[in-house]
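As you go down the protein sequences, you meet chains V and G in turn. Quick note, the first sequence lines up with residues 1 to 321 if you use the numbering used here. Quick note, the second sequence lines up with residues 1 to 384 if you use the numbering used here.
Among these hints, one or two may not hold up.
Derived DSS-like pairs (lysine-lysine); straight-line CA-CA distance at most 27 Å [claimed, not checked]:
| no. | chain 1 | residue 1 | chain 2 | residue 2 |
| --- | --- | --- | --- | --- |
| 1 | G | K41 | G | K343 |
| 2 | G | K196 | G | K177 |
| 3 | G | K92 | V | K135 |
| 4 | G | K343 | G | K174 |
| 5 | G | K177 | G | K223 |
| 6 | G | K289 | G | K64 |
| 7 | G | K223 | G | K68 |
| 8 | G | K196 | G | K383 |
| 9 | V | K135 | G | K68 |
| 10 | V | K135 | G | K64 |
| 11 | V | K135 | G | K211 |
| 12 | G | K64 | G | K383 |
| 13 | G | K383 | G | K351 |
| 14 | G | K148 | G | K174 |
| 15 | V | K135 | G | K374 |
These are computed hints drawn from the structure, not numbers from a lab.
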Amino acid sequence: MNIDALIDHIGQHTVNGLFKGSIYALVALGYTLVYGVLKLINFAHSEVFMVGTFAVLGVWSFMGATDGPTLPSALMFIVVGLLIAAAAAGGTALLVERIAYRPLRRKNAPSLVFLITAIGVSLVLQEIFGFVLAKFFGRPFGRLVVGMPNIVVSDPVIRLPGVDITNKHLIVFAAAVLMMIGLDQFINRTRYGRGVRAVAQSPDTAALMGVNQDRVIMLIFVLGGIMAGVASLLWSVSFAVTKFDIGFVIGLKAFTAAVLGGIGNLRGALLGGLVLGVVEAYSSSLFNSNWEDVTAFVVLVVVLMFRPTGLLGESLGRARA
Amino acid sequence: MRRNYLRALGGVALAVALGGAAACQESSSPGGGTESCGTIKIGIFGAFSGGNAGLVLPGRDAAKLAVKQYNAANPNCQVTLVEADSEGSGDKAAPVAAQWAADSAMIGVIGGFFSGESAATIPTFESAGMVMVAPSATRTDLTTLGSKHVFHRVVGNDASQGPAAGRYIKDILKAQKPFIVDDGSAYGSALAVEVKKILGTVAGEDKVQEKQSNFDATIQKVKTAGADVVFYGGYTNEAAPFLKQLRQAGVTAKFVGGDGINDAAFPTGAGATESEGALMTCPCLPAEKSGSTFQQAYQAEYNQPAGVYSAEGYDAANVLLDAIKAGKRTRADVLAFVNSYDKDAVSKHIKFDATGEVEASSVVIWMYKVQGGKIVADQEIPKS
């Protein structure tokens, strides 16, 4: 226990935690959306994030990105990276739903079958990037960690006493909050969002009212994929590194965040992600970095003991504006 | 109708695949059989795929080269090298060991490359009386795990690598505030402990974990400590992102690691700019210093320069091949031969002590560094 280290740098640890938590929150949205509508834990979602990071790596190498570009070209890399990552991740999520889940739904497969399929899809996607593509194309695919160019060079733009907030922190906070607000408004205010809420509340009634269930399900997979794509761009900008199994730990944490906040609840995913990030940052400072997972899960268990449905409670359908 | 047809087709395909597999099984046993010395097999196992394969493949390829050279020189007595990919894990290596122990044609093993997989297989090989010659497994306690001491290694152990890294940090870098990080693995934490023993007081330390990819908390501790040297005990997959984030956060402290990051993937993962000047120890001789025909032969065979632990892999194979050349055909004879081995090899003079460690006087520890995105030899670390 090193209480001084935590207290002396509490501001910096909070910023670092919120930074990491924002990325967890964006990935958590994918779990929560799918769970809210289908009551399915889509374990393949972590690999959707991984595909996003490789898409960013691909498009940046294609555009000839190097370390520390000028501001206009950095902006261009970020925007193009964002579009490509969102398209790749959204597309992967959609493919997974069409190829893996829809045939099962058609046959009314029991939910355990969905679960094992999700884990299978996750492994298949990992092995495609870690093994199959590596056989044909070599690096950057394969088992080893790959670096990306540093598009944004870390620069403490806001200096408070004891706290440096860098441009990377600001980009990630701003993007995460904007995406959250956008998604929240989309679900709560638009016609499509109403369809999503309707199917989440009662699939059969929604179908009787003329809501096309398949289309709603495709929509939530694409939305979740796009959020994971944005997260993968933010990850690439922040840490500039990826690997075939990069999604595993992040996916696990994001899923934890979703459960912590109340799975099926969009705002819960944001809250859960941020809380988890901060708890991890504090515990790495208080103990050692290898304690962060232990502490994160202890907090999860304790919260679920008192609030079994998470901090904000579950249900996408009942989430109010 | 269509479905039945498909099903039948699938069944046929499955049958063909199974038949094919069975056929492969049979043809994989060595053909010929006209050799005067019967079937002789030696095994080699290690992480030929997976995240840390970069540390292992040059050594395996060098061992293959040694066997190829031996077979070319001894057409009447062919040796088969049986390869098994353990992915670096003891769980995968243990069944392989059991299979080999049951194969009476198998008379010796090159491996393991990593410490964990070696520890997992030593009991099996020990009860089979099968000699193991490891090119790169460096955990200190491996040679004391069994009573028959079948385990031998042609490199120094962590008790020599760790202190050497410590001496380099203390005497050559003249670090005032060293900071120690390890990944909690058997290898990484043991190395960090040895380094700490030499350094005495450290400015701070932290433990990370495998598969971690965000190191903000550790970086904060490094900054607070005002460290001038950061030592990392662990492997490339965590060390590369750690160093990258450390440099991004503006920390300019020297970065030193063990042989776990002496891997071409390390500068690629961390980025050429960020990894420039990073240092890594290795009880492996730089191939270009080996001063024998080995380096040219390796270059000619694989069209690339010999890499990390290739000289050691070559030596390990040759220890076993020399036993076969001397007419040793049983496991007990080969083990006795290896125990009394005493010969100049490519990486060093090889002579084992009673526990299977290579003699301390011939252990060499080199410091390597990253220069222009490539790992090059820096200097040999003085023995005291």
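Q. What are the numbers of the hints the structure violates, in ascending order?
A. 4, 7, 12 and 14
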